[in-house]
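Required output: the full structure, derived from the provided sequences and hints.
So the protein sequences, as listed, match chains Z and D. Under this note's numbering, think of the first position of the first sequence as -15, with each following residue one higher. Under this note's numbering, think of the first position of the second sequence as 1032, with each following residue one higher.
Hints in this document: simulated from the structure, not taken from any laboratory. Careful: at least some of the hints might be erroneous.
Derived BS3-like pairs (lysine-lysine); straight-line CA-CA distance at most 30 Å [said to hold, decoys possible]:
hint, chain 1, residue 1, chain 2, residue 2
1, D, K1160, Z, K63
2, D, K1106, Z, K(-7)
3, Z, K63, D, K1315
4, Z, K63, D, K1300
5, Z, K220, D, K1238
6, D, K1240, Z, K220
7, D, K1167, D, K1140
8, Z, K(-7), D, K1275
9, Z, K63, D, K1212
10, D, K1240, D, K1261
11, D, K1315, Z, K(-7)
12, D, K1160, Z, K220
13, D, K1238, Z, K63
14, D, K1140, Z, K(-7)
15, Z, K(-7), D, K1300
16, D, K1315, D, K1300
17, D, K1161, Z, K63
18, D, K1238, Z, K(-7)
Which chain Z residues stay away from chain D? Per the calculated CB distances, all over 12 Å, these [unchecked claim]:
hint, residue
19, A11
20, S34
21, A52
22, P74
23, F82
24, L86
25, I104
26, A107
27, H114
28, A116
29, S175
30, E188
31, R192
Using N, Cα and C, we set each Cβ at its ideal position, and we do this for glycine too.
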Amino acid sequence: MRQIWIITKRELQSFFDSLTAYIMLIAFLGFSGLFTWLYGSDIFFTKQASLQTFFGVSYWTLFFFIPALTMRQFAEENKTGTIELLLTRPVTDWQVIFGKFLATLLLIAIALVFTLPYYITVAKLGNIDHGATIMGYIGLLFISATYISIGLFASSISNNQIVGFLLALAIGILFHFVFGFLSMASSGFVSEVLYFLSLGAHFESISRGVVDSKDIIYFISIIFLSFVGTEAILQKNRT
Amino acid sequence: MDIVVENLTKVYGMQRAVDNISFRVNTGEVLGFLGPNGAGKTTTMKAITTYLIPTEGNIWVGEYSIYEQPEEIKKRIGYLPESNPLYQDMPVIDYLKFVGELQGISSAKIKDRIREMVIVCGLEGEKHKKISELSKGYRQRVGLAQALIHDPDVLILDEPTAGLDPNQIVEIRELIKKIGKQKTVILSSHILAEVEATCDRIMIINKGKIVADGTSDDLRKRAQGKEILKVTIEEADTDTIFEKLKELPTVELVDILNKAKNSFEVQSKRDDSSRRHIFNLCVKNGWILTELTSLETKLEDVFRELTYN
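Given below as structure tokens:
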């Protein structure tokens, strides 16, 4: 645990030192704030004391932002060779992966904490569904964790950050659209399986305030599979 | 802590980078790896650090095997990779702290250790700078500092003096010698003089195989066998001397080193010495012999002989 935390601290430090963290926070709050309060189907347009719009916008913002955060995490170490020094320390591959994962997740959590004023304001404006809102936040955290684990896997594959970014997006799009689209195009059992694989469906149900163990299992499985894939690649690079 | 390498083989695709090598390094020994590029030095070192997984064979560091207890080995090893990779965006102090923490130095001791490393490696003026702002020589010092910070029993240094200026090279060599007294050190280098100056034992690797192993004197002796003399004779005709030298019974080869100065290189037949004959020859002809020195076989020659196809 100590080793994980040491790695997490360094990764977080690096996010803040390189200004990535600030740019990400400002852009995320800017986008989500704009669409929640000022533009499109904002709060005043829908006239509902609900953060549904915010969750929808965040969902998509994070889809693009998280790969931009994770793309560096392994690709840069592979490129400069620091991965070799890191893995010859008394740490396991899993501790390295989890430490990096946790750093990005913490950064996203910080971003989400900064949106709590939205919640408080909306709660003052009308009768907000507290359960649904809290679940919405938890849903965002699960979605973020999923994106991050996919992003880390994509980053570990090569020593090129852009490849890491695009591959993470490609995998994300696969889970978002391709499975959903194929599900609609097919029928019966296959359609159900594909629908289950589609990321959007699970986020939707969680953000409506419904906690289904199926959704949690889904997110955790993708995270776990991405970790296993990342570990396999770290191992492969050493043979 | 002893290092025992048993039948280590590493295959990349079709190429055998390291081909079934075995050796042992004892505590308190500084072993120098010599070899041309691509000989398998770095591969062997990476395998000892547990980073590379060998195709075949085992490595023991103390009682720990790289397969069974890699974590125990990692705790006791200090490693400076060839390219000296560092986190460019971190200040020197922060980087050393990060490494120290990962190596499990207690928070009570870590400050003292960092201070000590900064002094030992001469980083006092640069400690607050970002690593990306440092010159190559200073980066190399940071690389050494990170390898030494947890006071490891085993040090693996892949070209430790690359990029340093001559003064720094001398300092680092002294440091390695000092450290090497209590620890097990393996270092690699292209520079023969460096290996000779710092290492107790030299191992020459070529094409993945050990071609020589011993002290620098051992290696020299092995290649020597024949006596080589440098002879300078004044006030005589070069060609005459050349002919006469060649006629001596013990001489195998004569080479003119410098025509103007009349100096020659004389190689004797195996197990023979020509000194006496050369002296007598000069007396007989009334030549003035101004130089008669034995040329030592240089380590460079040994190296070339062993690694040249």
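Taking the shortest Cβ-to-Cβ distance between R192(Z) and chain D, state whether it exceeds 12 Å. Fine: 42 Å to the nearest Cβ keeps R192(Z) off the interface.
Compute the least Cβ-Cβ separation between A11(Z) and chain D, then decide whether it is above 12 Å. holds (21 Å)
Holds or violated: is the Cβ of A107(Z) farther than 12 Å from all Cβ atoms of chain D? Fine: 41 Å to the nearest Cβ keeps A107(Z) off the interface.
Decide if the proposed pair is consistent with the structure: K1238(D) and K(-7)(Z), CA atoms, cutoff 30 Å inclusive. violated (43 Å)
Hey, K1160(D) versus K63(Z), does the alpha-carbon distance stay inside 30 Å? holds (23 Å)
Does the claim that L86(Z) lies outside the interface with chain D hold up, using a Cβ gap greater than 12 Å? holds (15 Å)
Check on I104(Z) being off the interface with chain D, judged by Cβ distance over 12 Å: holds (36 Å)
Within 30 Å, alpha carbon to alpha carbon, are K1161(D) and K63(Z)? holds (19 Å)
Between K63(Z) and K1315(D), does the CA-CA distance stay at or below 30 Å? Violated, at about 72 Å.
Pairwise hint evaluation, K(-7)(Z) against K1140(D), where the allowed Cα distance is 30 Å at most: holds (20 Å)
CA of K1160(D) to CA of K220(Z), is that 30 Å or under? violated (35 Å)
Checking a non-interface call: every C-beta of chain D should be farther than 12 Å from the C-beta of A116(Z). Is that right? holds (41 Å)
In summary, the numbered hints that this structure violates are 3, 4, 8, 9, 10, 11, 12, 15, 18, 22.
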